[in-house]
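Visitor: Sequence:
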Amino acid sequence: MKVLTIISIVFIPLSFLTRFSGMNFIFMLKFSNPIAYPILNIMIKIIRRLKFLFI
Numbered sequence: 097m098k099v100l101t102i103i104s105i106v107f108i109p110l111s112f113l114t115r116f117s118g119m120n121f122i123f124m125l126k127f128s129n130p131i132a133y134p135i136l137n138i139m140i141k142i143i144r145r146l147k148f149l150f151i
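Residues in the sequence shown are numbered from 97 upward in steps of one, following our numbering.
In short, the hints are calculated from the structure, not lab data.
Glycine included, every Cβ here is placed at the ideal spot set by N, Cα and C.
One or more of the hints may lead you astray.
[What the hints assert, rightly or not] What follows is a list of derived Cβ distance ranges for each label pair:
#1 Y133 to L110: 13 to 21 Å
#2 M97 to S117: 16 to 24 Å
#3 A132 to F107: 21 to 29 Å
#4 P130 to I102: 35 to 43 Å
#5 L149 to S104: 14 to 22 Å
#6 R145 to R115: 16 to 24 Å
Given only the sequences and the hints, what does the whole structure look like? Please build it.
Guide: Okay, here's the thing in structure tokens:
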């Protein structure tokens, strides 16, 4: 059971990031601003850091 937990901890965030990076942002109205994608990346990094601080 511990092995499955470790594998899921590693691969679930990776699968989210690959799905998120594979999206087409050209047709999304909220991401028409050229600075929106870098801001979103910064927000994801902040959430990752906070997750490791509190867990």
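Visitor: If a hint holds in the structure, say so; if it doesn't, say that too.
Guide: Going through the hints against the structure:
1. A beta carbon spacing of about 19 Å between Y133 and L110 agrees with the range 13 to 21 Å that was offered as a hint.
2. Between M97 and S117 the beta carbon distance is about 31 Å. The supplied range of 16 to 24 Å is therefore violated.
3. Our hint of 21 to 29 Å for A132 and F107 holds, since their Cβ atoms are close to 27 Å apart.
4. For P130 and I102, the Cβ-Cβ distance of about 39 Å falls inside the hinted range of 35 to 43 Å, so the restraint holds.
5. Checked against the hint of 14 to 22 Å, the C-beta distance between L149 and S104 comes to roughly 21 Å, which is consistent with it.
6. The hinted range of 16 to 24 Å is satisfied by R145 and R115, whose Cβ atoms lie roughly 21 Å apart.
Checked against the numbered hints listed earlier, the structure breaks hint 2 alone; every other hint is satisfied.
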